[in-house]
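Enquirer: Sequence:
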Amino acid sequence: MEYYMLLATDRDDVHEARQAARPDHLKRLETLKNEGRLITAGPNPLPDNPERVSGSLIVAKFESLDAAQEWAEQDPYVDAGVYEEVLIKPFKVVF
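For the sequence shown, counting from 1, position 29 maps to 185 in the numbering used here; every step adds exactly one.
Keep in mind that the hints were calculated from the coordinates and are not lab data.
Each hint should be verified, as a subset may be incorrect.
Here are the simulated DSS-like pairs of lysine-lysine, each with C-alpha atoms no more than 27 Å apart in a straight line [to be verified]:
| no. | residue 1 | residue 2 |
| --- | --- | --- |
| 1 | Lys-217 | Lys-183 |
| 2 | Lys-189 | Lys-248 |
| 3 | Lys-217 | Lys-245 |
Ranges between beta-carbon positions, derived for each pair [stated by the list, open to error]:
| no. | residue 1 | residue 2 | range |
| --- | --- | --- | --- |
| 4 | Pro-206 | Leu-182 | 29 to 39 Å |
| 5 | Ala-176 | Val-250 | 30 to 40 Å |
| 6 | Lys-189 | Lys-248 | 29 to 39 Å |
Backbone N, C-alpha and C fix where the C-beta goes; we use that ideal spot for every residue, glycine too.
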């Protein structure tokens, strides 16, 4: 398994959809954490309004880039139309 970075960018005006899908999104992250695969995950707050976010970052282990892509496509935020795009790249842990 290798680490991958998933950087998601939210669509405009999706705060309510994000809040509604958040519990299911967090359950998936808890699963990664419990499996020892999650390094970090969290939202990107807006500089002028920290109560709102512009996207999310997840760094976790996956079998392959394809597996990371498949996992990302099944995220509740994707189903809810929150994410405009998700950039996935290999990630090398240094510290």
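Enquirer: Please go over all the hints and tell whether each is borne out by the structure.
Expert: Here is how each hint holds up against the structure:
1. Lys-217 with Lys-183: holds, 17 Å
2. Lys-189 with Lys-248: holds, 18 Å
3. Lys-217 with Lys-245: holds, 12 Å
4. Pro-206 with Leu-182: 29 to 39 Å: violated, 19 Å
5. Ala-176 with Val-250: 30 to 40 Å: holds, 37 Å
6. Lys-189 with Lys-248: 29 to 39 Å: Hint violated: Cβ distance 20 Å, outside 29 to 39 Å.
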